[in-house]
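Residues per chain are reported as follows:
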Amino acid sequence: MVNRNPVIAVIGAGIAGLEAARQLADLGYSPVLIEKEPAVGGHVAQWNRLFPDMTPAAEVIDALKKQTAKIRTLLGTEIASINRLKDGFSLVLTDGTSLLCQAVLFATGFQLFNAAKKEEYGYGIYDRVITNRDLEAWFNTRKDMRIKQPEAVGFVHCVGSRDLKAGNTQCSKVCCITAIKQAIEIKEEFPDAEVYCFYMDLRLFGKKYEDFYIKAQRDYGIHFIRGRVSEVGEAIDGRVVVKAEDTLNGKPVKVTLDLLVLMAGIVCNPDAQHYARQVGVSVDDDGFLKSRDNIAAITESSRPGVFFAGACTGAKTIPETLAEARSAALNIHHYFNKRK
Amino acid sequence: MDFGFKRSPSSAVNLDTVDHARYDRLVQLEPDALTCIGCGSCSATCTAAPWSGMSVRKVILGLQRGRDDEVDRMLSRCMLCGKCTMVCPRGINTRHLILTLCRLDRKGEVVR
Amino acid sequence: MRERFADAFNPFVIPFLIGMLFVLGYCLVAMVRVVAQLPKADRKRFLLSLITPKYIWMNIRDIFLNCLIHVKLWKRNKVLGYMHSSIAFGWFMLIVLGHLEVMLFLPERIHFFYYPIFFNFFVAETETTLEGALLMFLMDFFLLMVLSGIVLAIIKRFASRIVGMRRTTRLSLLDRVGLYALWSIFPLRLLAESFTAHISGGSFLTIPMNWIFRQFLGNDLNALPTWWAYSVALCVFMCVLPFTRYMHIPAEMLLIPMRNAGIRIRHPRKGFALLEVYSCPSCGVCIDACPMSVRKVNCQYTTVYLNRQLRRGNERRIEEISDKCLLCGKCTAVCQVGVQGPELRVAQRQRRKYALTPSYAGIDVQPMAASVAGAGGVLYFAGCMTRLTPSIRRATTSLLDKAGVRWTLMDEEEGLCCGRPLIMAGRPEQARELIDKNLEIIRASGCDTLLLSCPICYRVFKEEYPLEGVRVVHHSVFFQELIAAGRLRPARNEKEKFVWHDPCELGRGCGIYEQPRAALAAAGELVEAGRNRAESICCGGSLGSLTLGFEQRRAMTQNALDNLTVSDPSSIVTGCPLCLSTFGRYADRPVRDIAEILDSHC
Numbered sequence: 001m002v003n004r005n006p007v008i009a010v011i012g013a014g015i016a017g018l019e020a021a022r023q024l025a026d027l028g029y030s031p032v033l034i035e036k037e038p039a040v041g042g043h044v045a046q047w048n049r050l051f052p053d054m055t056p057a058a059e060v061i062d063a064l065k066k067q068t069a070k071i072r073t074l075l076g077t078e079i080a081s082i083n084r085l086k087d088g089f090s091l092v093l094t095d096g097t098s099l100l101c102q103a104v105l106f107a108t109g110f111q112l113f114n115a116a117k118k119e120e121y122g123y124g125i126y127d128r129v130i131t132n133r134d135l136e137a138w139f140n141t142r143k144d145m146r147i148k149q150p151e152a153v154g155f156v157h158c159v160g161s162r163d164l165k166a167g168n169t170q171c172s173k174v175c176c177i178t179a180i181k182q183a184i185e186i187k188e189e190f191p192d193a194e195v196y197c198f199y200m201d202l203r204l205f206g207k208k209y210e211d212f213y214i215k216a217q218r219d220y221g222i223h224f225i226r227g228r229v230s231e232v233g234e235a236i237d238g239r240v241v242v243k244a245e246d247t248l249n250g251k252p253v254k255v256t257l258d259l260l261v262l263m264a265g266i267v268c269n270p271d272a273q274h275y276a277r278q279v280g281v282s283v284d285d286d287g288f289l290k291s292r293d294n295i296a297a298i299t300e301s302s303r304p305g306v307f308f309a310g311a312c313t314g315a316k317t318i319p320e321t322l323a324e325a326r327s328a329a330l331n332i333h334h335y336f337n338k339r340k
Numbered sequence: 001m002d003f004g005f006k007r008s009p010s011s012a013v014n015l016d017t018v019d020h021a022r023y024d025r026l027v028q029l030e031p032d033a034l035t036c037i038g039c040g041s042c043s044a045t046c047t048a049a050p051w052s053g054m055s056v057r058k059v060i061l062g063l064q065r066g067r068d069d070e071v072d073r074m075l076s077r078c079m080l081c082g083k084c085t086m087v088c089p090r091g092i093n094t095r096h097l098i099l100t101l102c103r104l105d106r107k108g109e110v111v112r
Numbered sequence: 001m002r003e004r005f006a007d008a009f010n011p012f013v014i015p016f017l018i019g020m021l022f023v024l025g026y027c028l029v030a031m032v033r034v035v036a037q038l039p040k041a042d043r044k045r046f047l048l049s050l051i052t053p054k055y056i057w058m059n060i061r062d063i064f065l066n067c068l069i070h071v072k073l074w075k076r077n078k079v080l081g082y083m084h085s086s087i088a089f090g091w092f093m094l095i096v097l098g099h100l101e102v103m104l105f106l107p108e109r110i111h112f113f114y115y116p117i118f119f120n121f122f123v124a125e126t127e128t129t130l131e132g133a134l135l136m137f138l139m140d141f142f143l144l145m146v147l148s149g150i151v152l153a154i155i156k157r158f159a160s161r162i163v164g165m166r167r168t169t170r171l172s173l174l175d176r177v178g179l180y181a182l183w184s185i186f187p188l189r190l191l192a193e194s195f196t197a198h199i200s201g202g203s204f205l206t207i208p209m210n211w212i213f214r215q216f217l218g219n220d221l222n223a224l225p226t227w228w229a230y231s232v233a234l235c236v237f238m239c240v241l242p243f244t245r246y247m248h249i250p251a252e253m254l255l256i257p258m259r260n261a262g263i264r265i266r267h268p269r270k271g272f273a274l275l276e277v278y279s280c281p282s283c284g285v286c287i288d289a290c291p292m293s294v295r296k297v298n299c300q301y302t303t304v305y306l307n308r309q310l311r312r313g314n315e316r317r318i319e320e321i322s323d324k325c326l327l328c329g330k331c332t333a334v335c336q337v338g339v340q341g342p343e344l345r346v347a348q349r350q351r352r353k354y355a356l357t358p359s360y361a362g363i364d365v366q367p368m369a370a371s372v373a374g375a376g377g378v379l380y381f382a383g384c385m386t387r388l389t390p391s392i393r394r395a396t397t398s399l400l401d402k403a404g405v406r407w408t409l410m411d412e413e414e415g416l417c418c419g420r421p422l423i424m425a426g427r428p429e430q431a432r433e434l435i436d437k438n439l440e441i442i443r444a445s446g447c448d449t450l451l452l453s454c455p456i457c458y459r460v461f462k463e464e465y466p467l468e469g470v471r472v473v474h475h476s477v478f479f480q481e482l483i484a485a486g487r488l489r490p491a492r493n494e495k496e497k498f499v500w501h502d503p504c505e506l507g508r509g510c511g512i513y514e515q516p517r518a519a520l521a522a523a524g525e526l527v528e529a530g531r532n533r534a535e536s537i538c539c540g541g542s543l544g545s546l547t548l549g550f551e552q553r554r555a556m557t558q559n560a561l562d563n564l565t566v567s568d569p570s571s572i573v574t575g576c577p578l579c580l581s582t583f584g585r586y587a588d589r590p591v592r593d594i595a596e597i598l599d600s601h602c
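As given, the protein sequences belong to chains Y, V and A, one line each in that order. Position 194 of the first sequence, counting from 1, maps to 194 under this note's numbering, and the rest follow consecutively. Position 10 of the second sequence, counting from 1, maps to 10 under this note's numbering, and the rest follow consecutively. Position 492 of the third sequence, counting from 1, maps to 492 under this note's numbering, and the rest follow consecutively.
FYI, nobody ran anything at the bench for these hints, they're computed from the structure. No experiment lies behind these values; they were computed from the predicted model shown. It is possible that part of the hints are untrue.
[As the list claims (entries may be wrong)] Derived pair list, reagent style DSBU-like, types lysine-lysine, alpha-carbon separation capped at 35 Å:
no.	chain 1	residue 1	chain 2	residue 2
1	Y	K251	V	K107
2	A	K497	Y	K251
3	A	K437	Y	K251
4	A	K495	Y	K36
5	A	K402	Y	K117
6	Y	K36	A	K497
7	A	K353	V	K107
8	Y	K254	A	K40
9	Y	K117	A	K324
10	V	K107	A	K437
11	Y	K340	Y	K290
12	V	K107	A	K324
13	Y	K143	A	K495
14	Y	K117	A	K497
15	Y	K290	A	K296
16	Y	K243	A	K462
17	Y	K243	A	K324
18	Y	K117	A	K462
19	A	K402	Y	K143
20	A	K270	V	K107
21	Y	K243	A	K402
22	A	K437	Y	K243
Start from the sequences, fold in the hints, and give me the full structure.
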C-alpha cells in the first residue's frame, strides 16, 4: 500500500539537513529533522565569516532556519536504533519516540580531528596553542583567555590530515582556505602582528580562493613558509617556539609566537558510521560513508532508500553541501515516484 | 690550449643524465621512499640537524638529483634516534631507509 | 642373579654402542670447541669457576632443577612441566638404577658400557631378594613415568591446545626422525623387558605383560628382535641427536655453568652464542609469548626459528629475523633455557657490513657543556623522544619544582641521542662516540644525580656510561622516593583506577616493577593488567625493530591495549614516551605518563 505522504528521516540538522528538508517540504513531502545538539545549524552556526566573500555565517543559518521553521524538528535527540523494514525504516530515538519513514537522508556532517592527539604540537599542554575552531569561536564571542594582543601568530596546516600517524591520510580540502581567511582576519584585528602560515602544500581550488591568497600576500603581508611543523616548545615567558624546516630554502627555521593556531582536519562523524552499518551501508576506507558512485551518484548509497548529503561522504565546502542537499532531495523525489 | 678561462659548469640538474643507481636500488629495498612529499618534518625534528644539516628529505632528493657527496656527508651524521620515523606523515620507515642506504655503495650494490 | 651368557655380549648391543660412542665423541669435541671459542678473559673466568666451590654447588643445583626437574616449566604450565620432568627425570633414574643393579648383582660387569642398559636381557633371576624386588619395582615405576610423559608428548604434537599451548614449533625432517625415535625407545624397552621378564624377573608392569605375551609366543628366541629394535631406536636417536633439537640436552648442561660464571654473548656465531643456539629445545613457548605473533605471519620471526636458521646458516633468513625483532625481551623471560633472543639478534646485526660509517667527531659539545657547567644537583636529560611528547617534560619539571629539587636541563635547546638506538641497530662503536660526547657534558655539570624520563635512555646510561659518583635514576623511581620522603604529597582519589604498563626497557630491561606502582598507588587505585611485570606485552612501538612498518604494528598495539584494559581502568599509565605515543594513537581511554598523573595530583 503506497504511502501518499512519505516521511523522510533527515539525520542531522546542519546546513545539509536544513537545505534538504526545505527542498523536500517544497516538493510536498514530510521530512523530520533529527538533531543531537540543542540547536540547528551544525558546525556552520558556530562560525563567524565564510569564504570567499566573507559572508556572515549567521546570515546563511538564519535564512535556512526561516525556511525550515515549519518542519518537524527534534532537537537534542539521538538515534538509539535504526532498522530497515520491507518498505522503509524504523527508528527509535533516545527520547523514546518511534519513527516510521520511507527514506533516510544522512546529513550527519563531520567531526573535527582531536588536535590533542598530535602531542608534539602541545594542544592542551601549552596555553598559547588553539585550534581553528577555537579561533572562529573567538571571532564570534571575543571571549578566550588565550588570545591577548598577539604580536606574532602562526597557523599550522594539515593537523590530522594527510597524516598516516594521525589515522587520516585524506586532505581535508577546506583548511588551507580557512587558514588564509583566519590569517587575514587576525591581521585585520591586530594589524601590527606578524602572521606565519606553515604549510606542506597550498590547496586553493575554489572560486576566488587564489585571489584570497594573493590578497593575503600583497595586502596583508602574511608570511608563507613551506615546511611542516615538527615540534612546538615553550619559551620561558610562556610563548611558544615553533620549529620547522624551510624546505624552499633547505634550512631549519625557528620562530617564537604568542599564538599558534592548529588547522584541525575533517574526519567522519563516528555516530554516522554506526548508523550506516545498522542500515547496511558501507563505510569507505577513508572512514567516510560510501556513495554508490563517486562521480555520478554521490548522494545515493548502495541501498535503496538511503541517501547522503554533505560532509558525511567526505570533506565539502558550503556551496557543495547545499548543492548536494538539493540534489539528494531530488533523488528522493524520483525514488518515491518510481515506487508509485 | 687552456688559457685559464673556463666556462663554469651549469648548476642546472640535467635529469636526462643524472645517475640515480643508488636511488633505484633504494626504492627496490624500501618502496615507501617513493611516497615522500618533501614536507620537511623529518628535517625539522632531526636530532643531528643542528650539527650537520642532516635531513632524510634532502637525502631522498639528493639521490634523485645525483648529489652523492652531499648525501654521504649527511648520512654519516645520523644518530639513528628514530624521531624522523615517528613524525613522517607518509609513514615511511626512515630509519630503515637510512640503514639500507648505508649498506649501498655508489653503484647501488649491497656491500658484503 | 646370574649371567645367562658367558661372554656377556650379543650383537644387538652394537647399534647402541655405535650411537653412544658417536654422541659422546661429538659432544666432547663440541664442548672443547665452544670453550676454545670464548674470548680469553671469559675462558679464564669460566674454567676458574669450575673449581670454585660456590659455583660448583650452584651448577649442580641448577642442572638438577632445570635439566631434570624443569622447575621453570612447572611454574609455567603444570602439564608441560610434568611431561618434560617425567621423561628427563624418569630416564635419568632408569640409567642410575640400571647402574645400581649392575653394581649390586654383577659388579664385575660394571665397566661394560651397555650392561646397565640391557641388564634384563643378560641376567636370569636366581632368588627373590628384598633389594632386588625393590629395584625392579623402581625400574618399572620409572619406566611407567617416562611412558606417561611420552603419551603426553604424542598428544602435544597433534593437539597442542589440550596441553595449553596455542602454537607449537614446526619440525624439520631430522627433528621428526629424532622425535619418533625418542617416542619409540621406551615402548620398545617395555616390550623387550616384558618378553624376558619370566627369566630376568620384573615387577608390576613387566610381569603381567610377560604373561600376556607368553600366551601367543612360546619360544624365548622371539625376544631377541625386540631387543634389537630397542637398541636400534637408541642408536638412531643418539646418532641424529647432534643434528636435531635434542642437542639441547648436553648443551644445556654446559650452558648453565657458563651462565653462572657470568659469560655473555660476544661473537655472534661462536662461543656462548653458539652454545645458546644449540641449547634451544625448540619447545615453542616463545611463539605464543612473542608480541608479533598476534599476526600469524609473524610467527616465523620468533627466537626458536632464529636458532634453527643459525644452525643451518641461512643468511637471508637470519638477517630477516634479526632485523624484524622488537627486542622486547619477552622470549628470554619465558624461555625455559634462558636463550637471550634480543642479545643474539643484536649480535647478528653487528656482523652487517656497511659502505658508510657515521662519525660524530666533528660535533662540538662545548656550548652544551658550558650551559650546564657547575650546576650540580639533579641533571635532567629529557631525551630525543620526550621532545615529541612535551607533556612528560613539563610534568617532570613541574614536579621537581614542587618538591623543591634543584635541577638543570641537559638538553634544553639541542641534545645528542643517548646512543642506545645505535647499539640496538648493531653499531656499538658509533654509540661509543656519542657516549663520550655526552659524558663531557655530564661531567662538566658536576651533578650528583642524572634523571631520565625515558627508559631507553635510562638503560643505556646505567649500563654503558661510566658514571661513578653520579646516581642514574628513572623519574618514576625518583618521584616515588620523593613521595616516600614526604616532599611530594599527592592527593589520593580512589575513584580513579590506574593500570601501570611495564615498559619493556624499564621492566624486563632494568628490573623496575614496584616503585612506579607504589607511586601510582599514592594517587589513586591501582589495578593490574592481564599479563604484567616480566610478562608485560610490548606496545609495538619499539625502536628495536628495523624493518617493521607502521601499519604492521597496529595489531600488536591493539593486543597490548586489550591486555591492559582487562580490569577496566579509567586511564592507562606508562613511564616511556614511546609507549605513550604508541598507545595514545589507538586507546579508547586516556593514556598518561606517570609524571603527568603525579603532577595533576600534587
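Quiz item: Hint by hint, which ones does this structure get wrong, listed from lowest number up?
Solution: Numbers 2, 8 - these are the hints that the structure violates, sorted from lowest upward.
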